[in-house]
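Engineer: These protein sequence lines are chains Z and B, in that order. Under the working numbering, the first sequence has 330 at position 330, and the numbering climbs by one with no breaks. Under the working numbering, the second sequence has 185 at position 185, and the numbering climbs by one with no breaks.
Worth flagging that the hints you see were computed from the coordinates, not collected in a lab. Quick caveat, the model's predicted, so the values are computed rather than measured. It cannot be assumed that every hint is accurate.
Unchecked claim - 30 Å max Cα-Cα, derived DSS-like pairs, lysine-lysine:
| # | chain 1 | residue 1 | chain 2 | residue 2 |
| --- | --- | --- | --- | --- |
| 1 | Z | Lys-479 | Z | Lys-249 |
| 2 | Z | Lys-56 | B | Lys-215 |
| 3 | Z | Lys-310 | Z | Lys-201 |
| 4 | Z | Lys-432 | Z | Lys-19 |
| 5 | Z | Lys-116 | B | Lys-215 |
| 6 | B | Lys-13 | Z | Lys-116 |
| 7 | B | Lys-215 | Z | Lys-80 |
| 8 | B | Lys-215 | Z | Lys-115 |
| 9 | Z | Lys-266 | Z | Lys-251 |
| 10 | Z | Lys-371 | Z | Lys-416 |
| 11 | B | Lys-13 | Z | Lys-115 |
| 12 | Z | Lys-201 | Z | Lys-371 |
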Amino acid sequence: MKEVVLQVEGITKTFPGVKALDSVSFDIRPGEVHALVGENGAGKSTLMKVLAGLYKPDGGKIVYRGAPTQVAGPLDARRKGILLIHQELSLSPELSVAENIYLGAWPTNRFGVLKKRELRRNASAALEALGCGFGPDVRVGTLSVAMQQMVEIARAEAFSANVVIFDEPTASLTDTEKDQLFHTIRGLKARGVGIVYISHKMDEIFDITDRITVLRDGQVQGTVDTAETNLNQVTRMMIGRTLDAYFVKAKPEFGAEVLRVEGLAKQGLFRDVSFTVREGEVLGLYGLVGAGRSEVVETVFGVRQADAGKLFWKGGKIDLPTPRQSIDMGMALVPESRKEQGLVLIMGGRENTSLPHLSLFSDLSVMNRTKELATFEKYRSALSIKTTGPDQAVSQLSGGNQQKFVLAKWLCADPKLIILDEPTRGIDIGSKSAIHELIADLAERGLAVIVISSEMPEVLGVSHRVLTMSEGAVVTEFKGDAMTEENLIDAVSRHRDEAAA
Amino acid sequence: MSHTTDIRASSPKMTVVSWLLRNHIWVFLALTVAIFSLASPYFLTINNIGNILTQGAFIGILAIGMTMVMIDGEIDLSVGAVLALASALAIGLQDHIGVWPAVFIGLMSGAFLGFVNGTLVALSGMHSFIVTLGGLIGIRGLVFVYSGENALMVPDFSYTEIPEIYLGPLSLTAMIFFGLALFFQWVLSSTRHGRETYAVGDNIEAAHDAGINVKRHKIINFTICGTLAAVCGILLSMRLGTAEPNAGKIWELWTIIAVVLGGTRLQGGFGSMWMTIGGVLTLAVLRNGLRLLNTPNYVELMVMGAVLILALVLDKLLNHKGDTR
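Whole structure, please, built from the sequences with the hints as guidance.
Structural biologist: Set out below in structure tokens:
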């Protein structure tokens with residue numbers, strides 16, 4: 001067996017109701033870049049938080065440099081030489097670079113007085129070792145994101161880290177900045193630092209890592225040498241196969257075109273996206289997280305700006321709308337994160353349902369409670385929502401029931417096109433099939449429906465047509481018999497192979 | 001990497017300008033002093049300057065503790081009530097245990113109440129606004145329970161002579177204010193505790209992730225704030241020779257105004273004692289100057305309100321250009 005700097009053995013971590021990590025084992029060798037991949041919720045962040053001392057594992061052990069180790073807290077982890085570079089950078093913008101490098105571990109005398117000269121000198125040395133172009137006295141808030149990241153990486157130098165964990169480090173970097181980061185990572189690697197690299201971006205993973213460990217549902221699916229695998233295999237390990245649920249597909253009776261998108265593009269997010277959707281049709285958008293699916297529909301709905309592209313609504317060309325105009329035209333977007341974008345959690349079902357269409361439920365700005373209640377009752381029974389009453393705070397409801405209220409609030413305005421972004425993420429099986437039935441029902445009533453999903457069986461099960469997206473571009477369109485899991489996986493991974501080549 | 005060149009090329013002149021941009025309250029102070037000097041012949045006299053400094057020192061001492069708490073991103077509304085309790089204890093206990101032990105108990109009452117405030121905030125997760133609002137009302141009630149409705153009178157008036165020490169126009173009270181302000185500026189800029197204060201207020205997640213004991217840290221700053229409120233209360237009792245149960249009422253608001261006027265951010269993470277000294281003096285100059293001009297009380301309040309808003313707008317324009325946070 002090769003030399004190992006950090007070994008994780010059978011780590012288990014349970015949160016109320018979820019087993020986030022289920023007996024996870026893997027190891028990091030000095031001088032290697034080890035990728036940790038998996039879909040959202042696979043347990044990557046939990047695992048790294050355990051390593052960085054932010055979570056205490058329920059079971060299992062961590063062997064660090066040959067000895068079983070307890071990581072008591074974040075500072076302890078750093079002192080031991082295990083460093084986490086956060087995705088949301090963990091810095092104090094008002095403090096200087098030097099103060100941030102040693103955040104919480106400033107050199108002081110025994111009365112707690114800072115040794116400013118030592119702080120500055122050590123920080124300078126760390127910055128120089130990394131080849132940073134800025135000094136230790138600069139206020140961090142004035143630096144660019146990439147420079148701020150370098151400040152975090154400088155901690156690796158300052159604490160002589162043996163293990164550095166990068167969480168989605170390129171999420172907000174430009175291509176040039178990414179190249180610089182990779183240069184830095186290779187520098188760390190050359191000095192024998194073990195690196196854990198977490199990312200959704202497969203091209204990066206194949207570019208910089210030596211081994212890949214795949215997590216799914218809190219379990220390790222396997223560890224493979226990057227040189228001896230390909231994207232197809234890794235993708236399969238990540239997605240796996242869920243047991244086929246029973247899917248109902250709407251009868252394929254399509255009417256007139258509702259929405260046509262031509263050449264929609266936004267720098268850095270997606271490019272040249274074109275598609276159409278007709279009355280009574282369910283269009284699936286499939287791709288891994290980060291492919292740009294949500295960004296595209298958010299742009300169509302008017303939440304985001306586009307650089308280029310044309311929109312046609314019922315055959316007529318329109319300008320990119322504002323969300324208000326979209327709602328008024330008859331478009332509805334049910335966002336992915338219902339807690340952040342979809343529902344006001346302290347309000348009850350009644351108020352949440354009427355929220356986007358207050359004018360429909362008010363007379364001269366005075367809310368009409370009777371109308372509100374009637375609508376609430378209509379959707380409560382139509383969607384069989386389990387709630388104690390119109391005013392029970394939706395925060396007390398299950399994920400599935402919350403999602404139904406999100407749907408209800410958009411349906412009561414009688415939209416022509418409804419866009420569902422990950423409509424069944426995080427909800428139980430029973431509510432899932434209720435929502436699948438609802439999708440079919442909506443289409444049969446003549447609505448155009450766009451469904452975004454990372455779950456392949458779901459996309460295939462409910463859609464009439466599927467577009468695959470990868471790296472911000474629409475790759476292929478599948479319909480009829482061509483709609484198989486094999487084809488979808490191939491389309492997504494082939495594109496990435498080409499892009500990487 | 002234009003930032004690097006900017007910062008390395010900064011000349012001493014640039015440093016002064018950027019210091020003034022961050023501490024623009026001092027420009028504002030100079031302006032108000034200039035205006036009142038022209039408006040009233042009595043304003044710029046040694047005697048009056050001494051008055052301003054002494055009057056300002058009381059709010060000033062409160063403001064020092066408030067600055068620590070506010071850089072942490074918290075607030076302490078109970079300082080006025082804590083002040084009243086400390087002053088009542090310092091005077092009321094003199095008959096029983098002697099002058100200095102009474103003063104000591106008064107000080108300790110402030111430290112203890114600050115500790116309780118901090119502990120409640122840190123452990124309950126309630127916002128300090130609510131916790132200390134409760135303190136404001138509850139502690140004031142305690143003062144009335146202790147002293148009844150009447151002012152307590154000092155038994156021996158030599159007590160009121162203790163602060164009668166002057167260094168030119170500077171009274172002992174003012175010296176204590178400046179001494180404490182300089183000391184806590186040093187704490188902020190040169191000690192571990194000071195760095196923690198900025199880190200916690202600026203990005204509490206980062207501070208926690210960096211292993212800073214955020215709870216213990218906040219308790220310490222609330223204790224400092226309570227202790228300083230007691231110091232203020234005791235100095236006030238020495239100056240007046242009495243302890244009124246209503247002493248220090250709404251002083252917490254003047255204190256917050258002084259700190260915010262100085263430029264310390266209510267959201268935390270940003271501020272300094274230099275700013276607070278500037279804010280305290282500006283507030284004192286405004287109150288004093290308006291009185292010298294025989295401005296009616298209600299007009300005074302209107303002017304102060306307008307000035308506060310103006311100062312904050314100015315702060316926004318100068319310091320947060322393109323700042324989306």
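Engineer: Now look at each hint and say whether the structure bears it out.
Structural biologist: Evaluation of the provided hints:
1. Z:Lys-479 with Z:Lys-249: 13 Å, holds
2. Z:Lys-56 with B:Lys-215: The given pair, whose Cα atoms are some 19 Å apart, holds under the 30 Å limit.
3. Z:Lys-310 with Z:Lys-201: Judged against 30 Å, a Cα distance of about 29 Å means the pair holds.
4. Z:Lys-432 with Z:Lys-19: 20 Å, holds
5. Z:Lys-116 with B:Lys-215: Roughly 25 Å between the alpha carbons, so the hint for Lys-116 (chain Z) and Lys-215 (chain B) holds.
6. B:Lys-13 with Z:Lys-116: With a Cα-Cα distance of about 24 Å, the restraint between Lys-13 (chain B) and Lys-116 (chain Z) holds, given a limit of 30 Å.
7. B:Lys-215 with Z:Lys-80: 24 Å, holds
8. B:Lys-215 with Z:Lys-115: Holds, at about 24 Å.
9. Z:Lys-266 with Z:Lys-251: 35 Å, violated
10. Z:Lys-371 with Z:Lys-416: Holds. Lys-371 (chain Z) to Lys-416 (chain Z) sits at ~22 Å (cutoff 30 Å).
11. B:Lys-13 with Z:Lys-115: 27 Å, holds
12. Z:Lys-201 with Z:Lys-371: 48 Å, violated
Hint check: violations occur at hints 9 and 12; the rest are consistent with the structure.
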